Every structure is written in C-alpha cells, then in structure tokens.
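Full structure from sequences and hints, please.
Protein chains: 2
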Amino acid sequence: MGNATAPIPSDVLDHVSIAVPDLEAAADFYRDNFGCTVGDVIEVPADNMRIAYVELANIKIELMQPLDAGSAVGKFLARNPSGGIHHICVATPDADGAAVAAGAAGLRILGEGGTRPGHHGRKLFFLHPKDCMGTLIEVEETD
Amino acid sequence: MGNATAPIPSDVLDHVSIAVPDLEAAADFYRDNFGCTVGDVIEVPADNMRIAYVELANIKIELMQPLDAGSAVGKFLARNPSGGIHHICVATPDADGAAVAAGAAGLRILGEGGTRPGHHGRKLFFLHPKDCMGTLIEVEETD
Numbered sequence: 083m084g085n086a087t088a089p090i091p092s093d094v095l096d097h098v099s100i101a102v103p104d105l106e107a108a109a110d111f112y113r114d115n116f117g118c119t120v121g122d123v124i125e126v127p128a129d130n131m132r133i134a135y136v137e138l139a140n141i142k143i144e145l146m147q148p149l150d151a152g153s154a155v156g157k158f159l160a161r162n163p164s165g166g167i168h169h170i171c172v173a174t175p176d177a178d179g180a181a182v183a184a185g186a187a188g189l190r191i192l193g194e195g196g197t198r199p200g201h202h203g204r205k206l207f208f209l210h211p212k213d214c215m216g217t218l219i220e221v222e223e224t225d
Numbered sequence: 083m084g085n086a087t088a089p090i091p092s093d094v095l096d097h098v099s100i101a102v103p104d105l106e107a108a109a110d111f112y113r114d115n116f117g118c119t120v121g122d123v124i125e126v127p128a129d130n131m132r133i134a135y136v137e138l139a140n141i142k143i144e145l146m147q148p149l150d151a152g153s154a155v156g157k158f159l160a161r162n163p164s165g166g167i168h169h170i171c172v173a174t175p176d177a178d179g180a181a182v183a184a185g186a187a188g189l190r191i192l193g194e195g196g197t198r199p200g201h202h203g204r205k206l207f208f209l210h211p212k213d214c215m216g217t218l219i220e221v222e223e224t225d
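In order, the protein sequence lines correspond to chains F and R.
All residue numbers for the first sequence refer to our numbering, where the first residue is 83 and numbers rise by one.
All residue numbers for the second sequence refer to our numbering, where the first residue is 83 and numbers rise by one.
Calculated from the structure, these hints are not laboratory results.
Source: prediction; values computed, not measured.
All copies of an identical chain are treated as equivalent in the list; a pair is satisfied when it fits inside any one copy or across any two copies.
Calculated cross-link-like contacts (lysine-lysine; reagent style DSSO-like; alpha-carbon spacing at most 30 angstroms):
1. K205 x K157
2. K212 x K142
3. K157 x K142
4. K157 x K212
5. K142 x K205
Right under this line is the structure:
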C-alpha cells in the first residue's frame with residue numbers, strides 16, 4: 083500500500099476509463115486489434131450510460147458510452163466526438179475514510195462531497211481535476 | 083495473451099501517461115496524496131521531455147513534462163495547461179511484427195511508420211488516435 087498514512091492510500095489503478103461514441107464498435111476495436119477479452123455490456127441508468135470492460139491481465143479499460151448529451155461524459159464526448167481518455171481510477175481500502183481525508187488535504191470532491199455506490203455496489207468518489215493537475219481521478223473502494 | 087493471432091496481441095497495459103506542467107509537483111502530488119512510490123526523474127532528450135514513473139503494484143503512471151512547446155506533448159499541454167491524460171501504452175511481445183500487422187489492419191502509425199527505440203531501449207510505436215476512437219495508443223515491446 084506504499085504509505086498507509088496518506089489521505090487516499092493506494093497502490094493500484096483499478097481501471098482507465100475511455101469515453102466512446104459507439105460501445106459495440108469500441109469493444110470490437112479492442113477485441114479485433116489486440117485480442118482482448120471484453121465483458122458484456124452493462125447498463126448504468128444512474129449515470130445515463132452503458133459500459134463494458136476490456137479485461138487485461140493487470141487492469142481493466144472501462145469503455146463508456148453516454149446516453150445523455152447533458153451528462154458529464156456526454157459533454158466530454160461533445161468536445162471529443164471521436165472519443166478519448168476520460169479518467170483514471172485508483173483503488174483504496176476505505177473510501178469513506180479517504181473522502182474525509184481528501185477533503186482535509188484540500189482535495190475537492192465532485193458532487194455531494196462524499197462517497198456514493200457505483201454500479202458494482204462499491205463506494206466511490208471523484209476528485210476535482212483542478213486539484214489533480216488536470217486529471218480526473220476516481221477513487222473506488224478496493225474490490 | 084488473449085488471442086495471439088490479433089495484429090497487436092496484448093493483454094497488459096504497461097502504463098498510462100499524463101502530461102504535467104511541473105514534474106516535481108506532480109511527483110509530490112502522487113506521493114503525498116496516495117502514498118505512491120515515484121521513481122527518479124529521467125531526462126529524455128530525444129523527445130524533449132523529462133519523465134518520472136509512479137510505480138503502482140499493477141501498472142505505472144508515466145508523468146511527462148515537455149521541454150519544447152512545439153513538441154507533440156508541448157502542444158497538448160498548451161491546450162491543457164493544468165495537464166491531462168495523454169495516452170495509454172499496451173505491451174506486445176514483437177513490436178516490429180505488430181507494426182507491420184497494424185498497418186495491414188488499416189491502423190496508421192505516427193511518424194516514420196515503424197518502430198523506434200524508447201528511452202528504455204525497447205521498441206515502440208504510436209497508433210494514430212483517429213484510427214483508435216480518439217485514444218492515443220502507444221505499443222511497446224514487452225519488458
């Protein structure tokens with residue numbers, strides 16, 4: 083875990099997330115060109131999107147197709163119509179504790195300010211990219 | 083390896099690469115907030131940049147500080163002054179073979195069209211993001 087006294091102790095990237103305009107085409111792209119295994123499409127109505135995971139040996143690539151042009155991912159896709167890398171996700175053992183410690187360390191949390199459950203049931207939050215050198219970082223409780 | 087008959091067989095992301103305006107500040111950010119180990123700064127004169135690797139258990143994050151505003155990464159930073167996620171890198175056992183097969187599969191390679199040695203000596207090439215759903219994908223020979 084590197085240093086467990088850090089606000090958000092993590093030594094694992096859970097996934098890299100890529101916004102795409104066409105989820106099936108993106109799944110085919112990774113399957114056909116790299117021989118990757120791509121999981122089933124998961125509907126995520128809470129976030130108005132559909133996702134699928136490219137399952138690599140060391141990490142997952144999350145492919146996200148927004149269904150709502152007004153959502154955060156929908157707006158990102160409007161700015162990047164072909165698609166693009168949207169965020170990285172670090173895993174931490176205690177997401178609620180990490181959210182409190184992140185706030186105390188001056189890192190803003192997007193939305194309501196605490197954790198929320200993801201489609202998988204694990205707690206997560208997003209750090210404000212302006213506090214993270216331009217990178218959108220999701221923090222997710224360890225699987 | 084998933085499917086070894088794919089043009090660029092890969093089941094590993096070697097790294098995720100993030101452009102940053104200040105390499106030391108970025109290294110401190112990952113060290114202080116996540117407790118990560120960050121390696122020494124590596125000068126890469128061939129690419130006019132300085133890099134450092136955040137060494138996670140399953141993957142590396144490559145932090146890149148361009149030294150030349152006219153370079154590809156320098157131009158990316160001009161568009162994203164705070165920094166941002168720049169590319170992902172897949173590992174494949176035979177980079178030269180993958181470059182030929184990628185071309186045959188209709189995936190354009192940036193620059194000279196074949197592999198070149200990276201700062202670590204391993205062969206690599208970059209696929210055109212327009213052929214990869216907006217994502218810049220580096221292909222690097224397995225370590």
